[in-house]
Amino acid sequence: MNNIFSKNEIRLLELITGSFSDNKTEKKAAGYDIKEVFSIALHHGILPVIYKKIKEEDLSGEEREILEASVKTTASDFFNLSMTARRITSLFKKEGINAVILKGASIARFYPVPESRRSKDIDILLADPENVKKAESVLIEAGFKRTEKEYNANHHEVWGTPDNHVLELHTILVEPFDDKGFNDYINKRYILREEDILHEKVLGIELPMLFDDRLAFHLLLHMMMDFYRHGFGLKLLCDWVAFWNRDVKEDQIKNFLSDVEKCGQKGFLSVVTSTCIRYLGLKRENGCTLNIDNDKIIYAGGTFCALADEKICEDFLYDIIDTERNGKPDDERMVAMKNTGFMALVKEFHHQTKLYYPKASKAIITLPVLYVIVFVRFLINNKRVRGGAKLSSIVKEADRRSRLLRRINETEG
Amino acid sequence: MAEPKYVTSSDFILREIGEEYVLVPVGDVGDLENSMISFNETYTFIWKQFETPATVSEVIEVARQEYEDPEGLMERHIREASEELVKRSIIKAVE
Amino acid sequence: MKKWIQPMAEVEKFVANEYVAACWNVKCTIPEEAKKDTVSDQFNPGDTHRAAFCGDSSHYQIKLDDNGVPVEMIETQTDGIGDRPCTLYTDGNYTTVMPISQLTNTKSLIYWRTSLSSSSRTWSHHGYIDGTSNHS
Numbered sequence: 050m051n052n053i054f055s056k057n058e059i060r061l062l063e064l065i066t067g068s069f070s071d072n073k074t075e076k077k078a079a080g081y082d083i084k085e086v087f088s089i090a091l092h093h094g095i096l097p098v099i100y101k102k103i104k105e106e107d108l109s110g111e112e113r114e115i116l117e118a119s120v121k122t123t124a125s126d127f128f129n130l131s132m133t134a135r136r137i138t139s140l141f142k143k144e145g146i147n148a149v150i151l152k153g154a155s156i157a158r159f160y161p162v163p164e165s166r167r168s169k170d171i172d173i174l175l176a177d178p179e180n181v182k183k184a185e186s187v188l189i190e191a192g193f194k195r196t197e198k199e200y201n202a203n204h205h206e207v208w209g210t211p212d213n214h215v216l217e218l219h220t221i222l223v224e225p226f227d228d229k230g231f232n233d234y235i236n237k238r239y240i241l242r243e244e245d246i247l248h249e250k251v252l253g254i255e256l257p258m259l260f261d262d263r264l265a266f267h268l269l270l271h272m273m274m275d276f277y278r279h280g281f282g283l284k285l286l287c288d289w290v291a292f293w294n295r296d297v298k299e300d301q302i303k304n305f306l307s308d309v310e311k312c313g314q315k316g317f318l319s320v321v322t323s324t325c326i327r328y329l330g331l332k333r334e335n336g337c338t339l340n341i342d343n344d345k346i347i348y349a350g351g352t353f354c355a356l357a358d359e360k361i362c363e364d365f366l367y368d369i370i371d372t373e374r375n376g377k378p379d380d381e382r383m384v385a386m387k388n389t390g391f392m393a394l395v396k397e398f399h400h401q402t403k404l405y406y407p408k409a410s411k412a413i414i415t416l417p418v419l420y421v422i423v424f425v426r427f428l429i430n431n432k433r434v435r436g437g438a439k440l441s442s443i444v445k446e447a448d449r450r451s452r453l454l455r456r457i458n459e460t461e462g
Numbered sequence: 038m039a040e041p042k043y044v045t046s047s048d049f050i051l052r053e054i055g056e057e058y059v060l061v062p063v064g065d066v067g068d069l070e071n072s073m074i075s076f077n078e079t080y081t082f083i084w085k086q087f088e089t090p091a092t093v094s095e096v097i098e099v100a101r102q103e104y105e106d107p108e109g110l111m112e113r114h115i116r117e118a119s120e121e122l123v124k125r126s127i128i129k130a131v132e
Numbered sequence: 094m095k096k097w098i099q100p101m102a103e104v105e106k107f108v109a110n111e112y113v114a115a116c117w118n119v120k121c122t123i124p125e126e127a128k129k130d131t132v133s134d135q136f137n138p139g140d141t142h143r144a145a146f147c148g149d150s151s152h153y154q155i156k157l158d159d160n161g162v163p164v165e166m167i168e169t170q171t172d173g174i175g176d177r178p179c180t181l182y183t184d185g186n187y188t189t190v191m192p193i194s195q196l197t198n199t200k201s202l203i204y205w206r207t208s209l210s211s212s213s214r215t216w217s218h219h220g221y222i223d224g225t226s227n228h229s
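Residue numbers (the working numbering), protein chains in the order written: chain C, 50 to 462; chain A, 38 to 132; chain D, 94 to 229.
Just so you know, the hints here were simulated from the structure itself, not pulled from any lab data.
Treat the hints with care, as some may be off.
What the hints assert, rightly or not - Below, simulated EDC-like cross-link-like pairs (lysine to aspartate or glutamate); rule was C-alpha separation at most 20 Å, straight line:
| # | chain 1 | residue 1 | chain 2 | residue 2 |
| --- | --- | --- | --- | --- |
| 1 | D | Lys96 | A | Glu78 |
| 2 | C | Lys142 | C | Glu249 |
| 3 | A | Lys124 | D | Glu105 |
To be verified - Chain A regions said to be covered by chain D (calculated; three or more residues, Cβ under 8 Å):
| # | segment |
| --- | --- |
| 4 | 68-80 |
| 5 | 105-115 |
What the hints assert, rightly or not - A few chain C positions that, by computed beta-carbon distances, are all more than 12 Å from chain A:
| # | residue |
| --- | --- |
| 6 | Ala78 |
| 7 | Tyr81 |
| 8 | Glu243 |
| 9 | Tyr277 |
| 10 | Tyr348 |
| 11 | Arg456 |
Just so we're clear, the structure is a prediction, and the values are computed from it rather than from any experiment.
Think of the CB as a built atom: it goes at the ideal place given N, C-alpha and C, for glycine as much as any other residue.
Just chain C, same shape as in the assembly (with noise of 0.2 Å):
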């Protein structure tokens, strides 16, 4: 590991790898500084993963009550929302709407202490979009309210629980990406039958959930669309390496594969599972299905993808931890176009509009009020959410977020 990363950054990775293995001997950051390692690790929401590892390094008594505190909320959520999520499929199945869960239990199931994955709210995916105003009497009816529409409705609607929690209920998997293909193959790969769902008893309570193809293939989507929004932190990485440090079939490897290589992102997975074996001890020796073999990434039935190379794992792995640096996105931090440049900033302002207004945006004759209703909502989010941080660096720094993401998608996968 060369000198980008911080001792105390290091030593967070090497504590993260050895969470996730068995290994008992691991190398050991020398002159780092725990409450450094201890901060960035909070911030990330990943103490209770590397609980049993960080306990035994020399913390305060604060630092303590905070990690016990940290890991028994952490339970607790977890316990509390797979139970709610169980008592919402179930009533959905009672009125014959399938349903899975995202994310939640059916990642955490795959950690070493599946209780330690931080999780706050409750997502939900309905089998067929269809069945969205019939989801929805059945969680009036359950005493459910729905909160204000976001801007995204067309992708999921935000509900609050009878006892206060957020559910997101999902009619297509993802929000739209600027790509008519990408999004009419995602709807259609998402369109569920009976035989597409996995039910499965996680630390006692059985729940509905995708199978390790589109399970694995969604975990993708979800970092690339944070990547594109404002990056994501360590812990949806934590996710891609509790997935892979398992025996997955070969069949399920395979459609997930062929997603990957049908929406053009081999590029994106090649640098995450590279970032993930290079870093997070993703390795054979962890139990992990995949394995190196010169300059691929190999699996027992081929080729995964392409091994990226150091630095571009570097400086990705780089913006992962900056992300949550402070325990929130960085102000700064805006939308990282596909492309650089003025032309680049006015197509992701387009596509904003769409999703903001998808049907006003239909007619073009009403676009350019929409532009200046979006432009000033804009400034007024800018000015709230980012603390005014100025629209110079929020672009300077979208355009450096946007020549990374060029440098991922002309990797070869």
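Using the hints provided, position chains A and D relative to the given structure of chain C.
This is chains A and D only, laid out in the frame that chain C set:
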């Protein structure tokens, strides 16, 4: 009449969360739904003895080998705790 | 051999809050006043006020009931360690507790404290209520 054997119910799971043991109801458990039950060390010990079918007397016998009981209250505590666990359906009689 | 202690079990219900219609957000203005990212607490210099945390109004909520009356103030989004209760005070001496129901959506400075559950670490904040937002 032979003493009944009891075993832990699959409607509950015991997890080590941080420095404590917590029993989590995951099945259909009536008024214990939506809760977590924190056990101290000796309650955890009792629950673990019932992970395989055991009588209360057998649990007491194992406890005598592992714990000092200067105040002579151990047997009473174990019987009362076992009664509570049965009452809450956390442990169930084996047919 | 270990010493036998009485078996104890504590049932903790998952908190089922009443649905709250709205809440006010609050931020601590101490870092802003000092024009610094991190400022020592006036009573406990070892504890700090951070602009990125207590200086961010999304971290404090005053929950209102259906009649718009404040019922609770919490420190929230506390990096995965759960919400923590806040205690309101009438002034900057932090000696007289103010019942939450007496709080109004005032433009005056309000004073509150947060602390870690079982330690003497306490932070004495002051700041302004930052408008009304829906609570999800």
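Assertion that tyrosine 81/C lies outside the chain A interface [Cβ separation over 12 Å] | holds, 24 Å
Claimed clearance of chain A by tyrosine 348/C, with the beta carbon kept past 12 Å | The claim stands: tyrosine 348/C keeps its Cβ more than 12 Å from every Cβ of chain A (closest is about 33 Å).
8 Å C-beta test of the segment 105-115 of chain A against chain D, three or more residues | holds (count 8)
Verify that the Cβ of glutamate 243/C lies farther than 12 Å from every Cβ atom of chain A, and report whether the claim holds or is violated.
-> holds, 25 Å
So is alanine 78/C really clear of chain A, every C-beta pair being over 12 Å apart?
-> For alanine 78/C, whose nearest Cβ neighbour in chain A is about 26 Å away, the distance exceeds 12 Å, so it holds.
Are there three or more residues in the segment 68-80 of chain A whose C-beta lies closer than 8 Å to some C-beta of chain D?
-> It holds, with 11 qualifying residues against the three required.
Beyond 12 Å from chain A, beta-carbon-wise, is arginine 456/C?
-> holds, 41 Å
Are the Cα positions of lysine 96/D and glutamate 78/A separated by 20 Å at most?
-> Holds, at roughly 11 Å.
Restraint status (C-alpha distance of lysine 142/C to glutamate 249/C at most 20 Å) | Satisfied, since the Cα-Cα distance of roughly 15 Å is no more than 20 Å.
Given the proposed pairing of lysine 124/A with glutamate 105/D, does the C-alpha separation stay at or below 20 Å?
-> Since the Cα atoms of lysine 124/A and glutamate 105/D sit roughly 18 Å apart, the hinted pair holds (cutoff 20 Å).
Take a quick look at tyrosine 277/C and tell me if its Cβ sits farther than 12 Å from every Cβ on chain A, holds or violated.
-> With a cut-off of 12 Å, tyrosine 277/C remains clear of chain A, as the shortest Cβ separation is near 36 Å.
Hint compliance for this structure: no hint is broken.
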